[in-house]
Amino acid sequence: MNRINQLFKDKQNSILSIYFTAGHPEMGTTKLIIEELEKNEVDMIEIGIPFSDPLADGPVIQQSSQKALENGMTLKKLLAEIKDIRHKVKIPLLLMGYFNTVFQYGVEAFCSDIKSIGIDGVILPDMPIKVYEAKYQKIFEKYGIIPVFLITPETSEERIRKIDKLSKGFIYMVSSSSTTGIKNKLDEKSIVYFKRIKEMNLKNQLIAGFGISNKETFDEICKYANGGIIGSAFVKAIETGENLLSQIKRFIATIKY
Amino acid sequence: MKYSVNKTGYYGNFGGAYIPELLYPNVKNLEENYMKIINSASFQKEFLALLKDYVGRPSPLYYSKRLSDKYHINLYLKREDLNHTGSHKINNTIGQILIAKHLGKKRIIAETGAGQHGVATATVCAREGLDCIIFMGETDVLRQKPNVEKMQMLGATVVPVKSGNKTLKDATNEAIRDWINHPSETHYIIGSVVGPHPYPDMVTQFQSVISEEIKKQLEEQTGSENPDTIIACVGGGSNAIGAFYHYLEDENVKLIAVEADGLGLETGETAATIAIGKPGIIHGSKTMLMQTDDGQIVEPYSISAGLDYPGIGPIHAHLFETDRVEFIRATDDEALKAALELTQMEGIIPALETAHALAALKKIKFKKGETVVINISGRGDKDMETYRNYLAKINEKPSEERLFIGMYSVPTSNIHGADTNVNGLFVP
Ligand SMILES: Cc1ncc(COP(=O)(O)O)c(C=O)c1O
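First to last, the sequence lines map onto chains Z and D. Going by the numbering used here, the first sequence runs without a break in its numbering and finishes at 257. Going by the numbering used here, the second sequence runs without a break in its numbering and finishes at 1428.
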């Protein structure tokens, strides 16, 4: 069974998932960050593939992406760095990025290579569902890679049902109509939307992201979703690169305790 | 039509809507409604009336006697520079502001490079009384200052974009992010035939008035609606597709698109997407794209802010792939020379973007006496600082040019120089 499905079988509440950008703050930190996150009992990790033009991201992830590219990170180097990650790490790992980097790598080569590393899923927010179905679904299924699709407060019910049908792992519930970034509170409108989605009784688990930044927002979101993804706040916490491991430990502790 | 967009939003292998889910409802809404709105009688009536009385259409088709003689062709200039706000960009913003009104949108955003699209957008927003926010790369804010001041006077907020190369690509990124953050009340007026479907098709339709008029005017002036060759510059490609559109099916009309080559292909400092790009995804559409092997978008370079873009409209990628349009390149230097030539031989100061199209005159082997149309996409007011610097630079060089330019900068001091001009000895 895919590790993502195994995780959701074992745990339905307060799933903590962390996003970070590979190659930031420095080259050679990707593997360390993953291992340290697992050690601190994070449930799942999204490894960001840096991209020059991250359209759906706010300033923090934009800057991390730019820094990673300046540091020399590429998709090939990223995969080389985490080649042996499964020797130690057991939790589900996903790659998250923009479609062009994967498209240039070659979608089939990408799926095949990440499968052999032990990556479980992929989040490509700008890969259209129609294109996925027409061209790439067979490839993803052949290699057992789970694609994760996003829904937002503006997504129609009909489309959410369609995405639910297509999804095999979880649905990424974007918390508000915004780019990624740090928020200290979830607004009323978001809560109404979370309730609406919860009442739809979808077959997939829901993991919320965008604006989940601290214990308060994480705990709040876990009332409506199976868990949350923290990105910008984590990226920001480790941006200096100093005492990387203890910064990670400290940050995760502020969410959990 | 053979080169039109298909039902799923593609031109052959290019186009589509590669957008994050956050943009999906807005783009879908536009896709479902744009044709209905455009085809409605009320839209057509208002659109055509505004093009006539507000923009000043039809723009003239002007026979350039002196350049015709010089190049042994019959050269016609399509004068989009004479439109209100000084470029073809207003054809599109008039259309899109009416679409926005039909969709009930109250807040307008746009990206701009040269500032022409920003000014054209701020202008129609002023006319409709709608909020207007223009994203412009910080580099371009500096090099196109007159346009920034115009936008501000028109009541628009100009947001200098500090990410990336601080030019058109980055301004577009920031406009898209703004749209993600303000989905319900905002319409994004994209300035060229780029972006996710249906933008390339919608903007193409609004700009197609250029070739519609060329057909009529050429028929009146020459007895035939078809020229042998049409030439236009391409950034995203909106003025070019406007000038080509109604000729796409007439395969005997040669269509030439001129890309900005900056300092030259071999230097890497270029914006010639077709020349060095590969298929990829930029700003929501699959098209030709300047990128690294890793799929990172490469920062382009051109002296012309409006052509300084690493992608190209998907319809042009398709027209390239099917060999319908020939793509050539002109460097900064070639464009500057061509701008000076038009200025001093016809009394028309072109935009730097347009200057790239004019540079084609020296690059193409024309048949003697063939009919050529060049689309003068805009006027050069905004580029005076660049032109001034260029003139100052060649003034330092002891050459035939210097004599002429010396005359230009100090008109009364050199009567001999004036003779040189009159006798046409000056060859830029
Ligand atoms: C005068 C002029 N011509 C051409 C362009 C390039 O755009 P497009 O290729 O869409 O015509 C611009 C863009 O700013 C412009 O201002």
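Honestly, I wouldn't trust all of these hints.
[As the list claims (entries may be wrong)] In silico DMTMM-like cross-links for lysine to aspartate or glutamate, where the CA-CA straight-line distance does not exceed 25 Å: (1) K198(Z) / E239(Z); (2) K76(Z) / D1294(D); (3) K77(Z) / D1294(D).
Simulated from the structure, these hints should not be mistaken for laboratory data.
Going down the list of hints, with the structure as the test:
With a C-alpha separation of about 35 Å, the suggested pair K198(Z) and E239(Z) falls outside the 25 Å cut-off, and the hint is violated. Annotation: proposed proximity of K76(Z) to D1294(D) holds, straight-line Cα distance about 8 Å (limit 25 Å). Of the pairs offered as hints, the one joining K77(Z) and D1294(D) holds, with about 10 Å between alpha carbons and a cut-off of 25 Å not exceeded.
Of the numbered hints listed earlier, the single one contradicted by the structure is hint 1.
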